[in-house]
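These protein sequences, in sequence, are chains A and B.
First residue of the first sequence: 1, per my numbering; consecutive thereafter.
First residue of the second sequence: 117, per my numbering; consecutive thereafter.
Just so you know, the hints here were simulated from the structure itself, not pulled from any lab data.
Check before you lean on any hint, since a few could be wrong.
[Said to hold, decoys possible] Straight-line alpha carbon distances no greater than 30 Å define the calculated DSSO-like cross-link-like pairs of lysine-lysine that follow:
1. A:Lys53 to B:Lys158
2. A:Lys38 to B:Lys158
3. A:Lys40 to A:Lys18
4. B:Lys117 to A:Lys40
5. A:Lys19 to A:Lys41
6. A:Lys36 to A:Lys22
[To be verified] Pulled a few chain A residues facing chain B out of the computed Cβ check, cut under 10 Å:
7. Tyr35
8. Glu44
9. Leu88
10. Gly108
Where is the CB? At the ideal position from N, CA and C, for every residue including glycine.
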Amino acid sequence: DTEVTQTPKHLVMGMTNKKSLKCEQHMGHRAMYWYKQKAKKPPELMFVYSYEKLSINESVPSRFSPECPNSSLLNLHLHALQPEDSALYLCASSQLNNWANTGELFFGEGSRLTVL
Amino acid sequence: KQEVTQIPAALSVPEGENLVLNCSFTDSAIYNLQWFRQDPGKGLTSLLLIQSSQREQTSGRLNASLDKSSGRSTLYIAASQPGDSATYLCAVRGGYQKVTFGIGTKLQVIP
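For reference, chain B alone in the conformation it holds in the complex:
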């Protein structure tokens, strides 16, 4: 059974700082990995999708990497802004094409 862990559970940083969110998964036989952000009481917004054959994806200030063999992904956020405050979830699509979510990292960027 796939298990997805996100560390840290919560993070508070001053505005402008670069930061890294971590995601690890137990079964490396995956199709892809997707990073989402979720604002309180809202739906999930897709940030980046990395296919299993890819090493990284970039979108604006966001960069996600994938090391399938070690079961790890990182989400790098450059020059953080207060508007980046949200919960960030990592989701892995693995066996039987099932998606398994991590519990998320709650990020607070302080002005």
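The shape of chain A in the complex, shown without the other chains:
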């Protein structure tokens, strides 16, 4: 099983709403990532979790709040977003070898977010 599952596939929210994106993998990967992708652009890294600890935050605004409740799950909590935050949000995972984060990346299908 090389699957990363993301829900929901589509989300529309107003600027005052609070919503969450969810990501799940059962490959035993201990590194999990959130990426943001705008149209015709490559994915941009937002956050990395290594062994369920936040290891990288690419200076993401606090209206995005990640959470890694266990080794299989990754959430992205959304609050007070702006229309420019509309994008495809991609979750990915990879193996870790003693904190060496050089494994193959596996991506989910993404959550398409529209902020009105």
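Mind docking chain B on chain A? Use the hints.
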């Protein structure tokens, strides 16, 4: 800072043709390079991973090569099919184990 360039930005070929997609990177100190395909509005599908110590990897009709010293990788697709139409992205894992993506090559295979 690592920069990854993919040429061409778009490519249109007739079905059955063999084709080559190019990826170049500025810092040769890499751990690995990964090729992905992305269909419109979808996630990224891993095609091939080449470790820095390897020269090439093959999977079915796909062959990827890596020349680390010159900062180049190529993805060769044999006997292209309409189902190969997608955007192909190259991603390099380099310093601090950070992954840098190219902007992609949009491929259209015409029946």
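Cross-check of the supplied hints:
{"no.": "1", "hint": "A:Lys53 to B:Lys158", "in the structure": "holds (28 Å)"}
{"no.": "2", "hint": "A:Lys38 to B:Lys158", "in the structure": "holds (12 Å)"}
{"no.": "3", "hint": "A:Lys40 to A:Lys18", "in the structure": "holds (27 Å)"}
{"no.": "4", "hint": "B:Lys117 to A:Lys40", "in the structure": "holds (22 Å)"}
{"no.": "5", "hint": "A:Lys19 to A:Lys41", "in the structure": "holds (25 Å)"}
{"no.": "6", "hint": "A:Lys36 to A:Lys22", "in the structure": "holds (14 Å)"}
{"no.": "7", "hint": "Tyr35", "in the structure": "holds (9 Å)"}
{"no.": "8", "hint": "Glu44", "in the structure": "holds (8 Å)"}
{"no.": "9", "hint": "Leu88", "in the structure": "holds (7 Å)"}
{"no.": "10", "hint": "Gly108", "in the structure": "holds (5 Å)"}
Against the hints set out earlier in the document, no violation occurs for any number.
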